[in-house]
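Trainee: The chain contents come next:
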Amino acid sequence: MNELDKIPVRQEISVAQGSVKRSNPLANVFDELVRFCQSRSMFMLHYCTGCGAIELPPAMTSRFDMERLGIQPMVTPRQADILLITGYVSVKTLKRIILTYEQMPAPKYVIGICSCTVNGGMYWQSYATAKVLKEYLPVDIYIAGCMPRPEAVISGLRDLMGDIKSGSASNWKRYFQNYDHYLGNQQKLFDEDWQTPTDIIAEAEHYGLITDQTLGEHTALLQKHQQPLEALEFSLGEKREKIRGENQ
Amino acid sequence: MRPENYEAIKQPPSNEFELNFGPNHPGIEGNYAFRVKLNGDEVLSARADAGYLHRGFEKLMEGRLWIQNIALVPRICVPDPVPMEVCYSLAIEELCGLEIPERAQWLRVMQLEMSRLAAHLFAFGGHAATTGMYTPMFWGVADRDLILDRFEELTGGRVYSIYNIPGGVRRDMPDGFLDRLGALLDYLDSRLPDYDSLFFRNQVFIRRARDVGAMTQEQALKWGVTGPNLRATGLAFDVRRDDPYLAYEKIDFDVVTQPGGDALSRNLVRRAELKQSIRILRQVIKHLPSVKGAVRCPIPNPLAWNVPAGETYTRVESSKGELAYYVVSNGGDKPYRVHVRGPSSMHAVQVLEKLAVGSRLEDIAQIMFSLDACPPEVDR
Numbered sequence: 001m002n003e004l005d006k007i008p009v010r011q012e013i014s015v016a017q018g019s020v021k022r023s024n025p026l027a028n029v030f031d032e033l034v035r036f037c038q039s040r041s042m043f044m045l046h047y048c049t050g051c052g053a054i055e056l057p058p059a060m061t062s063r064f065d066m067e068r069l070g071i072q073p074m075v076t077p078r079q080a081d082i083l084l085i086t087g088y089v090s091v092k093t094l095k096r097i098i099l100t101y102e103q104m105p106a107p108k109y110v111i112g113i114c115s116c117t118v119n120g121g122m123y124w125q126s127y128a129t130a131k132v133l134k135e136y137l138p139v140d141i142y143i144a145g146c147m148p149r150p151e152a153v154i155s156g157l158r159d160l161m162g163d164i165k166s167g168s169a170s171n172w173k174r175y176f177q178n179y180d181h182y183l184g185n186q187q188k189l190f191d192e193d194w195q196t197p198t199d200i201i202a203e204a205e206h207y208g209l210i211t212d213q214t215l216g217e218h219t220a221l222l223q224k225h226q227q228p229l230e231a232l233e234f235s236l237g238e239k240r241e242k243i244r245g246e247n248q
Numbered sequence: 249m250r251p252e253n254y255e256a257i258k259q260p261p262s263n264e265f266e267l268n269f270g271p272n273h274p275g276i277e278g279n280y281a282f283r284v285k286l287n288g289d290e291v292l293s294a295r296a297d298a299g300y301l302h303r304g305f306e307k308l309m310e311g312r313l314w315i316q317n318i319a320l321v322p323r324i325c326v327p328d329p330v331p332m333e334v335c336y337s338l339a340i341e342e343l344c345g346l347e348i349p350e351r352a353q354w355l356r357v358m359q360l361e362m363s364r365l366a367a368h369l370f371a372f373g374g375h376a377a378t379t380g381m382y383t384p385m386f387w388g389v390a391d392r393d394l395i396l397d398r399f400e401e402l403t404g405g406r407v408y409s410i411y412n413i414p415g416g417v418r419r420d421m422p423d424g425f426l427d428r429l430g431a432l433l434d435y436l437d438s439r440l441p442d443y444d445s446l447f448f449r450n451q452v453f454i455r456r457a458r459d460v461g462a463m464t465q466e467q468a469l470k471w472g473v474t475g476p477n478l479r480a481t482g483l484a485f486d487v488r489r490d491d492p493y494l495a496y497e498k499i500d501f502d503v504v505t506q507p508g509g510d511a512l513s514r515n516l517v518r519r520a521e522l523k524q525s526i527r528i529l530r531q532v533i534k535h536l537p538s539v540k541g542a543v544r545c546p547i548p549n550p551l552a553w554n555v556p557a558g559e560t561y562t563r564v565e566s567s568k569g570e571l572a573y574y575v576v577s578n579g580g581d582k583p584y585r586v587h588v589r590g591p592s593s594m595h596a597v598q599v600l601e602k603l604a605v606g607s608r609l610e611d612i613a614q615i616m617f618s619l620d621a622c623p624p625e626v627d628r
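Those protein sequence lines, which keep their order, are chains Y and W.
Under the numbering used here, read the first sequence as residues 1 to 248, first letter to last.
Under the numbering used here, read the second sequence as residues 249 to 628, first letter to last.
Read the hints as simulated data drawn from the structure, not as lab findings.
It cannot be assumed that every hint is accurate.
[To be verified] Capping the alpha-carbon separation at 25 Å, the derived lysine-lysine pairs in DSS-like fashion look like this:
(1) Lys307(W) x Lys95(Y)
(2) Lys224(Y) x Lys92(Y)
(3) Lys95(Y) x Lys165(Y)
(4) Lys188(Y) x Lys285(W)
(5) Lys498(W) x Lys470(W)
(6) Lys582(W) x Lys92(Y)
(7) Lys307(W) x Lys131(Y)
(8) Lys134(Y) x Lys188(Y)
(9) Lys165(Y) x Lys92(Y)
(10) Lys131(Y) x Lys582(W)
(11) Lys95(Y) x Lys285(W)
(12) Lys224(Y) x Lys188(Y)
(13) Lys285(W) x Lys92(Y)
(14) Lys470(W) x Lys582(W)
(15) Lys165(Y) x Lys131(Y)
Work out the full structure, taking the sequences as your base and the hints as a guide.
Mentor: Next up, the structure:
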């Protein structure tokens, strides 16, 4: 037997706890080790969704230096661990946020910065913004303030690191466990034919997180409206129609 | 989307293809997007995709008291919030016929120039990052933070100060503030040669930025370009000098121009304006102690303040360009209509769409940062 084979794979350790029989006596030690490593190497998605993003450059650069905590900006959602929602989310942005969130690999964490993500903040009467972020995504940490200082942002990130280390930051599982609830709120806001190109239900199956609340009337609606992805309708549309006609 | 429903999108067999540039993209400033049509990496056409930051400001302001809107307006432009407050206050003062004390005028000039310094320091760092140089960004942001410290001391807020109210400013300066501001200016002045050798005279930057996104003076005037971007085409127009407000008449400063009209010229104009802002602030520091008196004139109870009916158009020079408020009052306690004429809505939409044509894909970010467009102000 190879030495590498003795190291428990990640799925056994952190994701499917309870469902997989754990034969390794050192499994708990590995758990802790893995969680420690996870909490010290987080990639933060570089997506400035609102005005709170103005306090991130000071927090990331020389003066406050987030990087000493192992937190770095990352440009693609596929490699990011943290989604920072910096401020108000307009309905148009919320669609992109949900799409981004669903593309991120688990375990993933959402931090809502600024008062606007908590309850709408200054824009409580605006027609264009989604008021309460946690209706659409499971939020791990809120950092209140308008806008929170870089120290507050770093303090919130340290809280998240503590939660990850102790294993209590598991809100990402709730998205899979209560997918029907979140999807329902999304459909209420966007439209009933709202869909993203990710397959959350299959992912929930993969993680063993299917519960009674995962599937329901809203996911049924999702199945009903599901269509193949449409190509983005640009000015090339006519050309494409022509090619389609030729192919047929 | 279930995998069985997935069908690969067929693109026509051609070099031409369309790309979504943003909103989740490190090369774009803020939450903003473009749909660009490319031939290889050459941009054939670009279409701005705004609205990600739309909050409906102009509608929100109609539903709030005149004084409540003071807290709302700085949120329109996040990197440079002070001109928003000042311009809105000036509009109300004009409608009410209020004459603000001289000391408040000088305090406002001081804030405006501090805000301009902060915004310009932030802007050139962003441009440097798009050309692959991250050190100027670190330097710019760190030095901007020192200005924010002074803002915090003066007003209590780092970014949104909400220090101006109709009729003046909220309170006077703390003791010894001008000395500390003077020390900061000395420090910033000593940093300028460092910025030059690191960025503004760096061949990497000059060769990347020269002739990128160039426009002529006629085009700039036709497209509604204002501010440093217009001055970079050789036209010395500055609201501070040509339509003076507050105490700018008594202040001596140069309106800097550059002939090129390209990304390089726009950055050099900003670099020269850093120097001019420091010069203006030094004059403020010299002059302010001799101006005694109140910092605001008496105003009616702000919670039941019926501004006289009328309409006005006030403008100031923000760090991005000409910023104006068109305010209509029907004599009530809330504005009847407020329109914000922001400089970025011209720069980031119609100007950028035209300048991007013919450039290469990697230059779009450079053009956007050199125009210093501010997406929250585009969408409002």
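Trainee: Name the hints, by number, that the structure is in violation of.
Mentor: 3, 4, 5, 6, 9, 14, 15
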